[in-house]
Amino acid sequence: MSTRSIAARLGLMFGLAATVVLAVLAVSLFLFQSYELQRHNRDQLSARLMIVERLSLRATDGEHWAYFRDKLADFTPEDGSLYFLVESSDPRFRVGTGFLDRAQFDAQAEGFGEAILPNGQRYLTLAHTLPAAGERPAVRLIVAEGQRSIEAAEWLLAVGIVVLSLVAIAAVSGLGWWIARRGLAPVDRLSAYARRLDARDLTLRLPADHLPTELDGMVMSLNEALARLQRAYEQLNAFNADVAHELRTPLGNMIGETQVTLARARSADALESTLQSNLEELERLRAIVNSMLFLARADRGESARDLVEVSLREETTKAAEFMDMVMEDAGMALQVEGDARARVEGSLYARAITNLLDNALRHGDPGGTIEVFIAETGDTVSVTVRNRAAPIAREALDHLFDRFYRADPSRTGSDQNHGLGLAIVKAIAQLHGGTVFAMCEDGYVSVGLRFPRVAALGEAARVGRRASRRGRTPRISPQPSA
Amino acid sequence: MKLLIIEDEPKTAGYLTRGLGEEGYSVDHAANGVDGLHLALTGDYDAVVLDIMLPGMDGLQVMQSLRAQRDTPVIMLTARDQVDDRLRGLGAGADDYLVKPFSFLELLARVQAITRRGRAHESTQIQVGDLHIDLLARRATRRGRRLNLSAKEFALLAALARRRSQILSKTVITETVWDINFDTNTNVVEVAIKRLRAKLEYPGEAKLLHTVRGMGYVLELREDDAE
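Protein chains in written order, with the working numbering: chain A, 70 to 551; chain B, 17 to 243.
The set of hints was computed from the structure by calculation and includes no laboratory data. Check the hints yourself; a few may be wrong.
With the Cβ distance kept under 7 angstroms, some of the chain B side facing chain A (calculated, not the full set) [to be verified]:
id, residue
1, W194
2, F198
3, T200
4, T202
Across the chosen pairs, the derived CB separations fall in these ranges [what the hints assert, rightly or not]:
id, chain 1, residue 1, chain 2, residue 2, range
5, A, H432, B, L237, 37 to 43 angstroms
6, B, A167, A, H432, 25 to 31 angstroms
7, B, T140, A, E383, 26 to 32 angstroms
8, B, V50, A, L273, 51 to 57 angstroms
9, B, L152, A, D393, 20 to 26 angstroms
10, A, N309, B, G30, 31 to 37 angstroms
11, A, N309, B, R238, 43 to 49 angstroms
12, A, T272, B, V50, 53 to 59 angstroms
Output of the computed footprint for chain B on chain A, the stretches with three or more beta carbons under 8 angstroms from beta carbons of chain B [as the list claims (entries may be wrong)]:
id, region
13, 352-363
14, 389-399
Every residue, glycine too, gets a C-beta built ideally from N, C-alpha and C.
Work out the full structure, taking the sequences as your base and the hints as a guide.
Structure below.
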C-alpha cells in the first residue's frame with residue numbers, strides 16, 4: 070500500500086488503531102472467558118465430588134461398597150472424559166486402579182490438582198479424604214475431569230477471536246480508506262480543476278463553492294495567488310510590448326538612416342552626420358537597457374547596499390542642486406519642508422529625487438514652486454514632491470509608476486524620456502523596502518516615496534552590513550578628480 | 017602609457033584597441049584569460065581592461081591571479097549587473113567596474129583617471145586660446161574680460177579645460193561637476209553648457225566650447241574657428 074495517498078495512509082492508520090484496540094480487547098476477552106470456563110469447571114467438579122461423597126457415606130462394608138462401586142461405574146462415561154476414583158491403602162477399596170496407576174499426579178494431595186495420562190490427556194482433579202468408617206479404611210475420593218473439551222473450547226475461542234479481529238481490522242482499514250476517499254473527494258475535484266489551469270486562460274480559478282471549511286482558506290489563498298500571477302503575467306506581456314516598441318523606434322531609425330546613407334556615395338560630412346545620428350539612437354538604447362537592468366535588480370528582490378543613516382532634508386537639497394539650473398531656466402523654485410532620518414543608499418536616493426523633480430518639471434505647470442515635504446508618520450518616512458499640474462485621471466494615477474507608461478499615448482518626446490523615470494523611483498523605493506504613491510487634488514499633483522523607519526529596515530540593513538564588512542567600499546564609478 | 021585589453025568578443029576588442037590607440041595609448045590585446053594573465057604578468061602595463069566573461073579562465077580568476085603578483089590597475093567589464101559580480105570583482109582587487117553597454121568615452125575617462133594617478137600634480141593655470149583659467153583663485157578671464165561664473169559653471173569650465181581637446185560625455189560631466197554617478201534623463205548638462213557658452217563666447221569671439229553630436233562636449237581652440 071503506497072503511503073503517498075492520503076486515503077491509503079488514513080486507511081492504514083485506521084487499521085493500525087483497530088489492531089491495537091482489538092488486540093487489547095481480544096486478550097482481555099480471552100483471559101476473562103478462559104477464567105470463567107475454569108471456574109465453571111471447578112464448580113462442576115466440586116458438585117460431582119459432593120454427590121459422590123454423599124453416596125460413599127453408607128458404603129462402609131463390602132456389600133455397600135460394591136453397590137457404591139457400581140454406581141461410580143454407572144456415572145463414569147465411556148469416553149474417558151470423567152473418572153471417579155478412590156485411592157486407598159486397601160486394594161479392595163480402590164476404584165479405577167488403571168487410571169490411578171498410569172496417571173502422573175499427586176494422589177495424596179487434598180483439593181484441586183492436575184493429572185496427566187501417558188497419552189498426554191490432562192485432567193483436573195479434586196480430592197477429598199474420607200475418614201475410616203466400619204470395615205472401610207480411610208479412602209480418598211478423587212474426581213478427575215478431562216480437560217480436552219475445555220482446551221478445545223479455549224482454542225476455538227482464541228481462533229475465533231483472532232479471525233474476527235483480523236476481519237474487523239481489514240474492515241476498519243477498508244472502510245477508513247473508503248471514508249477518506251469520500252472525504253477527500255473535494256480535493257480530487259480541485260486537482261481536476263487545477264489540471265486545467267495554464268497560461269492560455271489566466272482567468273480560470275478553483276471553484277470556491279461547496280467546499281469543506283478545511284479547504285476554504287487554501288482555495289482562497291490559491292485563487293489570490295492565481296490572481297496575482299495573472300496580473301504579473303499581464304504586466305509582463307504589456308511590458309514586453311512596450312519594450313519592443315521602445316527599442317524598435319531607435320533601431321528602425323538607425324537601420325533606415327544607415328541604409329539611405331550607404332545607398333549612394335556620400336561626402337565625409339554626410340557620413341559623419343549619419344554616424345552621429347546613429348550614436349544618438351544608440352545612446353538612447355543604452356540608456357533604456359541600463360535602466361531596465363537597474364529595474365531588474367529590484368525585481369529580483371534585491372535590497373539596497375551601503376545603507377547610511379542620513380538626514381533626508383540634506384540629501385534632498387544636495388540632489389536638488391543638480392537640478393538647480395534647469396529649474397531656474399523653467400522659472401521654477403524649490404522649497405524643501407520638514408526633515409526625517411532614514412537609512413538610504415545615497416546615490417539611489419539622489420536618483421529617485423532627481424527623477425521626481427524631473428517629472429515635476431516635465432509635467433508641472435511652468436513657473437511656480439515645487440515643494441518637497443519630508444515627514445515621519447508611524448513607522449515610515451515619506452518624501453513627497455508636490456507641484457501644480459494638470460489633473461491626472463484616477464486610472465492614470467494607478468499606472469504612473471508602470472514601466473514605459475505615459476499619460477500621452479502618442480509617446481511624443483520619447484527621444485528624451487523613456488517613461489522609466491518613475492518606474493525607477495518605484496524600484497528604488499522597493500530596494501529600500503519602501504513603496505511609492507501618487508495623488509492628485511486641488512490642482513496639485515503629489516508623487517513620492519515611503520521608506521521604513523530605521524528600526525524596521527532589518528533585512529536591508531543586514532545586507533548593508535555584510536557588504537561593508539568586505540572592508541572595501543564597492544563603488545560603481547570613481548570620482549574623476551575635478 | 018601601455019594598456020592591456022583582455023576581451024574575447026572580437027568587435028569589442030577591435031574598437032577598444034583602435035579607440036584607445038588613437039587616444040595615445042599603446043594597446044595589447046588578449047582574447048582569453050590564460051593569454052591575458054600571461055601578458056599582464058610579463059608585460060609592464062599601466063592599466064588592464066578585463067572582461068569578466070572569458071573562455072577558459074574567467075575574469076575573476078585572472079584578477080585574483082594577477083593581484084597575487086602585481087598591482088596593475090584593472091577596470092573590469094561585465095554584461096551583467098549583479099551585485100555579486102560587482103562585489104566579487106571589487107573584492108578580487110579590481111579598481112573600477114563598468115557595465116555593458118557602456119560608452120567608450122566613459123571607459124576612456126576611467127582609464128585616464130586610473131593611469132593619471134601618481135602623476136605629478138597639474139598646473140593651476142590653464143590657457144585655451146585667449147581664455148585663461150586660474151584654478152586656485154577660481155577665476156576665468158577672456159581677453160582680460162572677467163567671466164562672471166557661478167560655482168557650478170566654473171566647475172564645468174574647469175572640468176572641460178583640464179581635459180581640453182578631449183570629448184567629455186554627459187555622464188562624465190555630471191560625475192565631475194555634480195558628483196552624480198547614475199544615468200539621468202534630465203537636460204541639466206545641456207542647460208549648463210548653454211549658460212556657460214553664453215558667458216564664455218560673446219559675439220565676435222572665437223568659439224571654444226564645441227558640441228560633438230551624440231558624444232558630448234569639448235573645449236578647444238579650432239584653427240578654422242579662430243577668426
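Q) Once the shortest beta carbon distance from F198 (chain B) to chain A is found, is it less than 7 angstroms? A) holds, 5 angstroms
**Q.** Outcome for the supplied range 37 to 43 angstroms, where the beta carbon pair is H432 (chain A) and L237 (chain B)
**A.** Once the Cβ atoms are compared, 41 angstroms apart, the range 37 to 43 angstroms for L237 (chain B) and H432 (chain A) holds.
Q. Is it true that the C-beta distance of L152 (chain B) to D393 (chain A) lies inside 20 to 26 angstroms, as the hint says?
A. For D393 (chain A) against L152 (chain B), whose Cβ atoms are near 25 angstroms apart, the range 20 to 26 angstroms holds.
(Q) Quick check on W194 (chain B) please, does its C-beta sit within 7 angstroms of some C-beta on chain A? (A) holds, 5 angstroms
Q.
Given the hint of 43 to 49 angstroms, is the C-beta distance from N309 (chain A) to R238 (chain B) inside that range or not?
A. holds, 47 angstroms
Q) Is 53 to 59 angstroms a correct range for the gap between the Cβ atoms of T272 (chain A) and V50 (chain B)? A) holds, 56 angstroms
Q) Per the hint of 51 to 57 angstroms, is the separation of the Cβ atoms of V50 (chain B) and L273 (chain A) within bounds? A) At 55 angstroms between Cβs, range holds.
Q | CB-CB spacing for E383 (chain A) and T140 (chain B) relative to the 26 to 32 angstroms hint | A | Taking Cβ atoms as reference, T140 (chain B) and E383 (chain A) lie about 31 angstroms apart, which means the hint holds.
Q | Within 8 angstroms of chain B's CB atoms, at least three CB atoms from the region 352-363 of chain A: coverage verdict | A | holds (count 9)
Q. Hey, does the T200 (chain B) contact hint survive, CB to chain A under 7 angstroms?
A. holds, 6 angstroms
**Q.** Assertion that chain B covers the region 389-399 of chain A - criterion: three or more residues, beta-carbon distance below 8 angstroms
**A.** holds (count 7)
Q. Does the nearest C-beta of chain A fall within a distance shorter than 7 angstroms of the C-beta of T202 (chain B)?
A. holds, 5 angstroms
When each numbered hint is compared with the structure, no violation occurs for any of them.
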